[in-house]
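K.L.:
Chain residues, written in single-letter form:
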Amino acid sequence: MAQTPPKNESQVETQKQSFGSRMVGTLLRRQEASIFVVAIILLVYFQASNAAFLSQGNLRNLGQFIAATAIIAVGLVMVMVLGEIDLSVGQTFAFAPIVMWIAYEQLLLVLPLAVIVGLLATAAIGLVNGTIRVYFGVPSFVVTLGMFFLLSGVNVTLVGGFPKTAPEASAIKSALGAYPYSGIIWCVVIVAFMHILLNHTRWGIHTFATGGNFTGARESGIKVDKIRVWNFALCSTLAGFAGILEAMRIDSIDPLAGGANTMFLAISAAVIGGTPLAGGVGTILGAFIGTLVLSVLQNGFTLQGVSAFTFNIILGVAVLVVMVLSVYIGRIRKGRKVT
Amino acid sequence: MTEHEVLRAENIAKGFGSVTALRDVSLRLEKGEVLGLIGDNGAGKSTLIKTITGFHRPDEGRLLLDGEETVLKSVSHAQSLGIQTVYQDLALVDDLSVYHNMFLNAEIVRKPFPFLNGRAMKEKTRQYLADIGVKIPSIDTEVAMLSGGQRQAIAVARAVYSDAKILLMDEPLAAMGAKEGAMILDLVQRLKDEGNVSIILIAHNYAHVFEVCDRVNVLQHGRITYDKNTGDTSVEELTELMVSEYRKARAGGEEE
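Residue numbers (the numbering used here), protein chains in the order written: chain S, 1 to 339; chain V, 1 to 256.
A few of these clues could be false.
[Said to hold, decoys possible] From chain S, some residues computed to sit far from chain V (all C-beta separations above 10 Å): (1) Val38; (2) Leu120; (3) Ser174; (4) Ala175; (5) Thr201; (6) Ile205; (7) Ser220; (8) Val281; (9) Ile313.
[Claimed, not checked] Label-pair restraints from in silico Cβ distances: (10) Ile172/S with Asn196/V: 57 to 65 Å; (11) His204/V with Gly153/S: 39 to 47 Å; (12) Pro114/V with Ile172/S: 23 to 31 Å; (13) His204/V with Phe141/S: 20 to 28 Å; (14) Thr239/V with Val324/S: 47 to 55 Å; (15) Ala33/S with Asn11/V: 52 to 60 Å; (16) Val306/S with Val109/V: 31 to 39 Å; (17) Lys179/V with Leu145/S: 26 to 34 Å.
Calculated directly from the structure, the hints in this document are not laboratory data.
Just so you know, even glycine gets a beta-carbon here, dropped at the ideal spot from N, CA and C.
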C-alpha cells in the first residue's frame with residue numbers, strides 16, 4: 001500500500017513527459033511548422049528594421065521573386081521524395097521559353113499553342129531524364145548533370161547566342177507573367193495543386209512509397225517505373241513553366257536565364273522546407289515556405305544594403321543546419337534508419 | 001484430385017545470373033487448402049513465392065490459375081487475379097502511416113474524384129486490426145514506430161482483407177511473440193474454415209505447420225522433394241528429413 005503513491009507520481013511524471021515529448025515531436029516532425037516560424041520572424045524583423053519592406057512595391061518584387069523559385073522547388077520535391085535529384089531544372093527553365101519563342105516566331109503558331117509546345121518540350125526533357133535513370137540505371141545526379149550541360153549548350157545555340165524579345169503584349173502574355181501579380185497567383189495555384197497531388201491522391205502516396213521503400217513498393221504492385229519517369233517529367237515541366245512566366249515578366253527570352261544558381265536555390269528551398277534528399281519524405285508547402293524564407297532573406301538584405309555574399313553565407317549555413325537537424329531528428333526517432 | 005485446383009505450377013525454373021534459385025518446381029494448391037512450404041534457408045522458398053506473385057518472371061515452366069495457363073505480367077496483374085502476398089520483408093513503407101500501408105496500392109478514393117478517402121481507410125484499418133485482435137496505439141503513426149510483431153500484423157491484415165483467392169504468406173510469424181503468433185494462426189484457421197481462400201504458408205516452425213496446414217511440401221535445392229498430407233506425417237518425420245539432408249551433405253562434403 002505504501003508503494004502506491006510514488007507509483008502514481010511516477011505515472012503522472014511519465015504522462016507529463018510523454019505529453020511534452022509529443023509536443024516536441026510534433027514540432028520536430030512538422031518541419032514546415034518550424035520553418036514557418038522562421039519565416040514569420042524574418043518578416044517581422046525586416047519590417048521592423050525597414051518600413052519599406054511590407055510596402056506594396058516591395059511585396060510585388062518579393063512575389064515575383066518567390067513565384068519562379070517556388071514553382072521549380074515544388075516540382076523538385078516530387079523527384080526528391082523519390083530519393084532522386086534533377087540538376088537540370090535551371091536549364092529547363094531557360095529552355096521552355098526558347099522553344100516557345102521558336103514555335104511562336106519561326107513556326108508562327110499562336111501564343112497559347114507555342115506555350116504548350118514549350119511545355120511539351122520540357123516534359124520530353126523530363127521523360128528523357130527519367131527514362132535514362134530508370135531503364136538504364138544511371139544515377140539521377142549524373143543523368144541530370146549531363147542534361148544540365150547539354151541544355152545550356154542547346155539553349156545558347158537555339159537563339160544564336162543573343163536574347164530575344166518576348167511575344168508582343170496580349171491578354172495571354174499578361175496572364176502568363178507580364179501582369180505583375182500573375183506569377184505569384186500561378187505559384188499559389190500550383191503549390192495548392194501539387195500539395196493535393198502529393199498528399200491526397202494515389203499518385204502521391206505511391207511516390208512516397210517508391211521513395212521510402214523501393215522494393216516494398218514494387219512488391220505491393222506499385223508501378224515504380226511509371227511513378228519515377230513521370231515525376232521527372234512533372235518536375236521538368238514545372239521548371240519550364242516557371243521559365244515561361246519569368247520570360248514574359250522580364251520581356252526577354254534569355255538563353256542564360258536560370259542556370260545553376262536558380263537550380264541550387266530551388267533545391268535549397270526544398271531542403272530547408274523539409275524535403276531531404278534521402279527519399280520517402282517531403283512537403284510541398286515546406287518547399288513553398290522554404291522559398292519564402294530564402295526570398296525574404298535576400299530581399300530584406302538587399303533593402304538593408306547587405307551584400308549578396310552575406311546572403312550566400314546565410315544560405316549555406318541554413319542548408320547545413322537544416323540537414324544536420326533532419327539527420328539528428330531521424331536518429332532520435334525510434335526504428336528509423338539513418339543513412 | 002477431384003477437388004478444384006486453384007493454382008498449379010509446372011516445372012518452374014528461375015535463376016539470377018549464375019545462381020539457380022529454382023530448378024524444377026511443380027506444385028498444386030486446391031481450393032480452401034492450406035499448404036505448408038518448408039525448406040532450408042536459400043532453398044528458394046521466397047523466390048517461388050515471388051514467382052507466383054508476379055514479382056519474378058520464371059525462366060521456364062508455366063503457371064495455371066483455375067486450370068488456365070497464365071503469364072503474370074506484374075504484381076498488380078497477379079493482384080487483379082486475386083493473388084495476395086505477405087512478403088518476408090513485409091513490404092511496408094516506414095514513413096507512411098498505418099492506414100496508408102494497410103491500403104498501399106489499394107487506396108480508397110472518393111469516386112468520381114481521384115482524392116484519397118482517408119476516413120474510410122482509417123475506419124476499415126481499425127476494423128481489420130480489431131478483427132485480428134492486434135492493438136496498435138494509433139493508426140496515424142508511421143509504421144517505423146511500431147514493433148516487429150505489429151508491423152507483421154499489418155502486412156498480414158493487408159493481404160488477408162483484400163479479397164484474395166490465393167494467399168501467399170512468407171514467414172508471417174517470424175517477428176511475432178507467442179501471443180501475436182497465435183492470433184495469426186487463428187486467423188489462418190478462420191480463413192480455412194470459411195473455405196474461400198487457398199493459402200501457401202512458409203514457416204520455419206513445424207508445429208505451426210501442423211497446427212493449420214492440410215498438406216506440406218518440402219523445397220530443397222530448387223525442387224519440391226516431399227509432398228504429404230499433414231495427417232500422414234509428423235513433426236519428427238519432417239525434422240528427420242531436414243536434418244538427415246544436412247548430415248548427408250556434411251558427410252558428402254567430408255568424403256570429397
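K.L.:
Hint by hint, say whether it matches the structure.
P.N.:
Against the structure, the hints:
1. Val38: 24 Å, holds
2. Leu120: Non-interface label on leucine 120/S holds, nearest chain V Cβ at 23 Å vs cutoff 10 Å.
3. Ser174: 32 Å, holds
4. Ala175: It holds; alanine 175/S is separated from chain V by about 27 Å at its closest Cβ, greater than 10 Å.
5. Thr201: 5 Å, violated
6. Ile205: The assertion about isoleucine 205/S is violated, with a minimum of 6 Å to chain V.
7. Ser220: 5 Å, violated
8. Val281: 6 Å, violated
9. Ile313: 33 Å, holds
10. Ile172/S with Asn196/V: 57 to 65 Å: 59 Å, holds
11. His204/V with Gly153/S: 39 to 47 Å: 59 Å, violated
12. Pro114/V with Ile172/S: 23 to 31 Å: 29 Å, holds
13. His204/V with Phe141/S: 20 to 28 Å: Given range 20 to 28 Å: violated, Cβ gap about 41 Å.
14. Thr239/V with Val324/S: 47 to 55 Å: 53 Å, holds
15. Ala33/S with Asn11/V: 52 to 60 Å: Since the Cβ atoms of alanine 33/S and asparagine 11/V sit about 58 Å apart, the hinted range of 52 to 60 Å holds.
16. Val306/S with Val109/V: 31 to 39 Å: 49 Å, violated
17. Lys179/V with Leu145/S: 26 to 34 Å: Hint violated: Cβ distance 53 Å, outside 26 to 34 Å.
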